[in-house]
Amino acid sequence: QPVRAAVLGATGYAGREVLTLLARHPRVRVTALMSSGRDGKKAFPIEQSHLSLRGRFAVPCGALDLEDLATAEPEVVFLATPHETSHDIVPPLLAAGIRIVDLSGAYRLKDATAYARWYGFAHEAAEALAEAVYGLPELAGPAIAKARLVANPGCYATSAILALAPLLKSGWVDVARGIIADSKSGASGAGRSPSDKLHFAEVNENCRAYGLFHHRHVPEMLQALQLDAESFTFSPHLLPITRGILSTVYVRLARPAEREEVENLFTQFYAPAPLVRVYTGGALPEISAVANTPYADLGFALDAASGRLIIISALDNLGKGAASQAIQNMNLMFGFPQETGLL
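Note that our numbering gives residue 286 to position 286 of the sequence shown, counting from 1, and the numbers run on in steps of one.
Hints were generated in silico from the structure; no laboratory data involved. Among the hints, a few may not be true.
[Said to hold, decoys possible] Each pair of labels, with its calculated beta carbon distance range:
{"hint": "1", "residue 1": "Glu205", "residue 2": "Ala96", "range": "43 to 53 Å"}
{"hint": "2", "residue 1": "Gly171", "residue 2": "Phe44", "range": "51 to 61 Å"}
{"hint": "3", "residue 1": "Arg24", "residue 2": "Gly191", "range": "18 to 28 Å"}
{"hint": "4", "residue 1": "Ala130", "residue 2": "Ala63", "range": "27 to 37 Å"}
{"hint": "5", "residue 1": "Gly335", "residue 2": "Glu124", "range": "25 to 35 Å"}
{"hint": "6", "residue 1": "Ala209", "residue 2": "Asp68", "range": "39 to 49 Å"}
[To be verified] Here are the computed lysine-lysine pairs in the DSS-like style, where the Cα-Cα straight-line distance is at most 27 Å:
{"hint": "7", "residue 1": "Lys146", "residue 2": "Lys110"}
{"hint": "8", "residue 1": "Lys146", "residue 2": "Lys169"}
{"hint": "9", "residue 1": "Lys110", "residue 2": "Lys169"}
Note that beta-carbon positions come from the ideal geometry of N, C-alpha and C, so glycine has one too.
Please model the complete structure; the sequences and the hints are all you need to start from.
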């Protein structure tokens, strides 16, 4: 029998991407669609929000209502909802025996006191937060497989963590000399809610930095990589494209190394990871190669004489940075090959 799935927050960009992937997933049947911004409004066909989904789902999209959700009997719920909404509804969903993949940031950070600073709300779901598994499949596959609640990583965080994990876990980085992750993202990363800074005339033919020292993906990067804030600098930028992230990550090596050694480190580390592609022979990733795919692509350039290493990480912020990673996590939770429905 297919897994019964519900998508809450179905009218946003991440919700659309989750639905697009679930529509072709051979082991899943969608039994409920809900939107957190439609209180009191009648249910409607999902194509009214996303034309690309016309004819794909018979179930209408209604307002977020946990009693209505219970009648759909989902085994797993995807939360593409605002952080505060996810925070509030995860505990009752867990109590109902439903497994959860949360695409918001509500359960990514283990320190409950950090949410007031980074997300602007007080975290009061201590038991659920303690149970949550940070859902980066390449680093936490076995834990994800057993989890009831998976906190899907942020898009920037996924890009930077995948670039740095092999090096840091092997002790190859001179952390004391600092690490810089300079990232650029398409406009869909800001979500679907309108904003003056996201008007076409503001984004087109432009590139700007934002959130310097204050971006909420920083604490999850530090947590996952076990770094302190003084050794890590993150600079996000907005590109005039719809989707995609390119991160340029700068480190100093703690030991002499040649290109082949770095290449072997990355290829061996990600050999079991079907959705991470490591470039060899000096080739470097590009956004166009990962847009509309579930892949994260990694490449690098090394100046062996000085020990300077630059890692290039590319992914689709709506794919590996959000929806396809959520599906990847669900696959692990239900014992499917992690690329099921994605390739």
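Subject >> In rising order, the numbers of the hints this structure does not comply with >> reply: Failing hints: none at all.
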